[in-house]
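Chemist: What follows is the residue order along each chain.
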Amino acid sequence: MTIQHYIFLAVALFSIGVIGVLTRRNIIIIFMCIELMLNAVNLLLVAFSKMHSLAATAADAASKAGTEGQIFVFFIMVVAAAEVSVGLAIIVMMYRNTHSVDVNFLNRLKH
Amino acid sequence: MSNLVYLVPLFPLIGFLINGLARNSLSKGMTSVIGSGVILASFVVSILLFLQVKEGNAVTVTLFDFINTGKLSIPFSFQVDQLSSIFLLVITGVGFLIHLYSTAYMHEESNAHFARYFAYLNLFVFSMLLLVMGGNYLIMFIGWEGVGLCSYLLIGYWFKNNDYSNAAKKAFIMNRIGDFGFLLALFWMIQHFGSLTFGEVFARADGMNMNDTVLVGITLLLFLGATGKSAQIPLYTWLPDAMAGPTPVSALIHAATMVTAGIYMIARSNILYTLAPVTQGVVAVIGLATAILAATIALKQNDIKKVLAYSTVSQLGYMFLGLGVGAYTGAVFHVMTHAFFKALLFLGAGSVIHAMHHEQDIRNMGGLKKHLPVTHWTFLIGCIAIAGIPPLSGFFSKDEILAAAFSANVVYWVIGVLGAVMTAFYMFRLYATTFLGKFRGTHEQEHHLHESPAAMTWPLIILAVLSVVAGFVGIPAVLGGSHELQQFLAPVFAGSVKLQEAHHLDHATEYILMGASVGAAALAILYAVSRFSKKPDLEEASGFGKLLQNKWYVDELYDAVIVKPLRGMSAFLNNVVEKLGIDGAVNGVGKLVHYGARQLRLLQSGQVGIYLLMMVIAAFVLFIIQLFVK
Numbered sequence: 001m002t003i004q005h006y007i008f009l010a011v012a013l014f015s016i017g018v019i020g021v022l023t024r025r026n027i028i029i030i031f032m033c034i035e036l037m038l039n040a041v042n043l044l045l046v047a048f049s050k051m052h053s054l055a056a057t058a059a060d061a062a063s064k065a066g067t068e069g070q071i072f073v074f075f076i077m078v079v080a081a082a083e084v085s086v087g088l089a090i091i092v093m094m095y096r097n098t099h100s101v102d103v104n105f106l107n108r109l110k111h
Numbered sequence: 112m113s114n115l116v117y118l119v120p121l122f123p124l125i126g127f128l129i130n131g132l133a134r135n136s137l138s139k140g141m142t143s144v145i146g147s148g149v150i151l152a153s154f155v156v157s158i159l160l161f162l163q164v165k166e167g168n169a170v171t172v173t174l175f176d177f178i179n180t181g182k183l184s185i186p187f188s189f190q191v192d193q194l195s196s197i198f199l200l201v202i203t204g205v206g207f208l209i210h211l212y213s214t215a216y217m218h219e220e221s222n223a224h225f226a227r228y229f230a231y232l233n234l235f236v237f238s239m240l241l242l243v244m245g246g247n248y249l250i251m252f253i254g255w256e257g258v259g260l261c262s263y264l265l266i267g268y269w270f271k272n273n274d275y276s277n278a279a280k281k282a283f284i285m286n287r288i289g290d291f292g293f294l295l296a297l298f299w300m301i302q303h304f305g306s307l308t309f310g311e312v313f314a315r316a317d318g319m320n321m322n323d324t325v326l327v328g329i330t331l332l333l334f335l336g337a338t339g340k341s342a343q344i345p346l347y348t349w350l351p352d353a354m355a356g357p358t359p360v361s362a363l364i365h366a367a368t369m370v371t372a373g374i375y376m377i378a379r380s381n382i383l384y385t386l387a388p389v390t391q392g393v394v395a396v397i398g399l400a401t402a403i404l405a406a407t408i409a410l411k412q413n414d415i416k417k418v419l420a421y422s423t424v425s426q427l428g429y430m431f432l433g434l435g436v437g438a439y440t441g442a443v444f445h446v447m448t449h450a451f452f453k454a455l456l457f458l459g460a461g462s463v464i465h466a467m468h469h470e471q472d473i474r475n476m477g478g479l480k481k482h483l484p485v486t487h488w489t490f491l492i493g494c495i496a497i498a499g500i501p502p503l504s505g506f507f508s509k510d511e512i513l514a515a516a517f518s519a520n521v522v523y524w525v526i527g528v529l530g531a532v533m534t535a536f537y538m539f540r541l542y543a544t545t546f547l548g549k550f551r552g553t554h555e556q557e558h559h560l561h562e563s564p565a566a567m568t569w570p571l572i573i574l575a576v577l578s579v580v581a582g583f584v585g586i587p588a589v590l591g592g593s594h595e596l597q598q599f600l601a602p603v604f605a606g607s608v609k610l611q612e613a614h615h616l617d618h619a620t621e622y623i624l625m626g627a628s629v630g631a632a633a634l635a636i637l638y639a640v641s642r643f644s645k646k647p648d649l650e651e652a653s654g655f656g657k658l659l660q661n662k663w664y665v666d667e668l669y670d671a672v673i674v675k676p677l678r679g680m681s682a683f684l685n686n687v688v689e690k691l692g693i694d695g696a697v698n699g700v701g702k703l704v705h706y707g708a709r710q711l712r713l714l715q716s717g718q719v720g721i722y723l724l725m726m727v728i729a730a731f732v733l734f735i736i737q738l739f740v741k
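Keeping their order, the protein sequence lines are chains A and B.
Take 1 as the starting number for the first sequence in this note's numbering and just add one per residue.
Take 112 as the starting number for the second sequence in this note's numbering and just add one per residue.
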């Protein structure tokens, strides 16, 4: 598989995420779409990193180049997990207050 | 002896601190003893110093490093040489007599105000001593500012009177204009000579060309300072108004000492001036113009102190004429004799005012001769001395200046003699109107007329004696003397004398000059006495006299040319620039932010979807932009 395949997949996932965020009103769906965008970027990071690594080891078998991106992704996933817990907590609080998960009910924040 | 030098200014400072801090608990007797005693102590030390200097021991004493930064080093040092020792004697000597006189003159004041008066007076003497003892221009400047402050405080001593406070402010502000010039000159000296110490500055200036731009600039700026402090055109109008202060203050500050600070400063810097003949010309012309202008004004004044004030301005003009034509010794000589006879005249006027219960208008006096015998005789001596009749002191000093003026330019001499004749005339107009003829005051005043107490008459007598004999220290060669003062001061002016082309008048010319000026003055005296003793001019002046009485309308001119436009400009700046411009800009920024916020607030709809859409659009736009912008 060439790098293009990964790029197309990542762009498709990201676009789905963006459209989902823009069009849906259910905050849980929006939240999932945000995660989708995040993971599209993660995927791209891993893909580029792997390609980089393959090219480097082909030139020099001992090279460790290209491994950083893959490790980096683990960090992103850990941080994303923490972020998800905060986001879910907000959603729970929102449901308790509005008895709804519809973001349009949140417009009362302006007053 | 150098360890005594610091004592001279220290005594008055102590007096100031005691009288100033303990003014609420000191009795008048204590205040008098402390206030006068410290000056007497300074006087004694000054005599010791003078005797040392006379033996040729001029000293410079450095007390501590005052300013030491980079290459510039200004020590806090005192210089006692021939010139400053003469001034020390005059300041502390005349100062002590006036302190003594004040103890009686100011007796009506309450204890605290009495002590406040003596505190100011002590502080003044302290500042004046700093001025003349300073070993560099900066110490001189500190004293210069100090005497200005004390002058302000003492003119406005009766501060409850609004006119008096205004006179004090006027004096202070006009002095500030001059001080500004002085300060600029100091900066220029630091920049050019890298020092403010007299010896170093003069040594470095000595090799410069005649009329070097820097020298002319510095000397002109210094002279601007002198015009403020010594009341010369164009800054002279504060001095007559300064008569609002108590009369002994007028005698000490506005006649004998402070106003001669400018002459001291120029005499001290004589090398710089000799090297800048352009400035010398300006000094001579300004001095002469002031002498003649003030003399004309004095002809028609009816306030006893105002006549003396204009006479002071006029005499200061003569001193500047002397400096301008290079007769430095003559100018210092005139400072000395003038200090004696003008202090005498002012104190005599104070005695008259005291006896007349604060009446100052000479039209309401007359015939005081028999009521105030001591005051009368001493005042008469003062008048003869200032009129320049030999052998009183004024003759010798004035003649020396006029002779030098004649050598420089005959026109100077002619105008100078004209001024001297006017001096004789207005002084004897004052004398005749006050002391001769019939008493014109109220019966009550006549009933209370009395000679002043001994504390006031003794200073008068001593000053009268000095006014008579002071001239003998400077008898010129033409009259068979050896001019001891000139020999004494020679080291100070040696550099200038070397540069000046020597011009000696032959004796015949000098006799003619003396005869002409003395004869004209004598005629003026006879005319004034015969005219005003019988029939003083009590009517309001008209025509040209009115112009003179109103002081050539110079105050009104300044008001119209400087004060009014300044007020107008201030009003414009306040109403237009400040209120419309600056306030408008400040308020405008506030309003703009307020308006913008009101409009931008509409974007905050609260719809999460719209926020997200905006965010995506913005991210997309940034993405596009970064494609094109590298």
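Accuracy of the hints is not assured; some may be wrong.
Chain B residues, not near chain A, derived (Cβ > 12 Å throughout) [to be verified]:
{"id": "1", "residue": "280"}
{"id": "2", "residue": "605"}
{"id": "3", "residue": "618"}
{"id": "4", "residue": "634"}
{"id": "5", "residue": "710"}
{"id": "6", "residue": "718"}
{"id": "7", "residue": "730"}
Covered stretches of chain A (in silico footprint by chain B; criterion: 3 or more residues with CB under 8 Å from a CB of chain B, positions within the stretch not fixed) [stated by the list, open to error]:
{"id": "8", "region": "15 to 23"}
{"id": "9", "region": "60 to 68"}
Hints were generated in silico from the structure; no laboratory data involved.
This one's a predicted model, so the numbers in the text were calculated from it and none came from an experiment.
Cβ atoms here follow ideal geometry from the backbone N, Cα and C, with glycine treated the same way.
Chemist: Does each hint fit the structure? Answer for all of them.
Modeler: How the hints compare with the structure:
1. 280: Non-interface label stands for residue 280/B: nearest chain A Cβ at 61 Å, farther than 12 Å.
2. 605: The assertion about residue 605/B holds, with a minimum of 89 Å to chain A.
3. 618: Holds, since 108 Å exceeds 12 Å.
4. 634: Holds: least Cβ distance 102 Å, greater than 12 Å.
5. 710: Non-interface label on residue 710/B holds, nearest chain A Cβ at 16 Å vs cutoff 12 Å.
6. 718: Violated: least Cβ distance 6 Å, not greater than 12 Å.
7. 730: violated (9 Å)
8. 15 to 23: Since 3 is at least three, the answer is holds.
9. 60 to 68: The restraint on the region 60 to 68 of chain A is violated, since only 0 of its residues have a Cβ under 8 Å from chain B and three are required.
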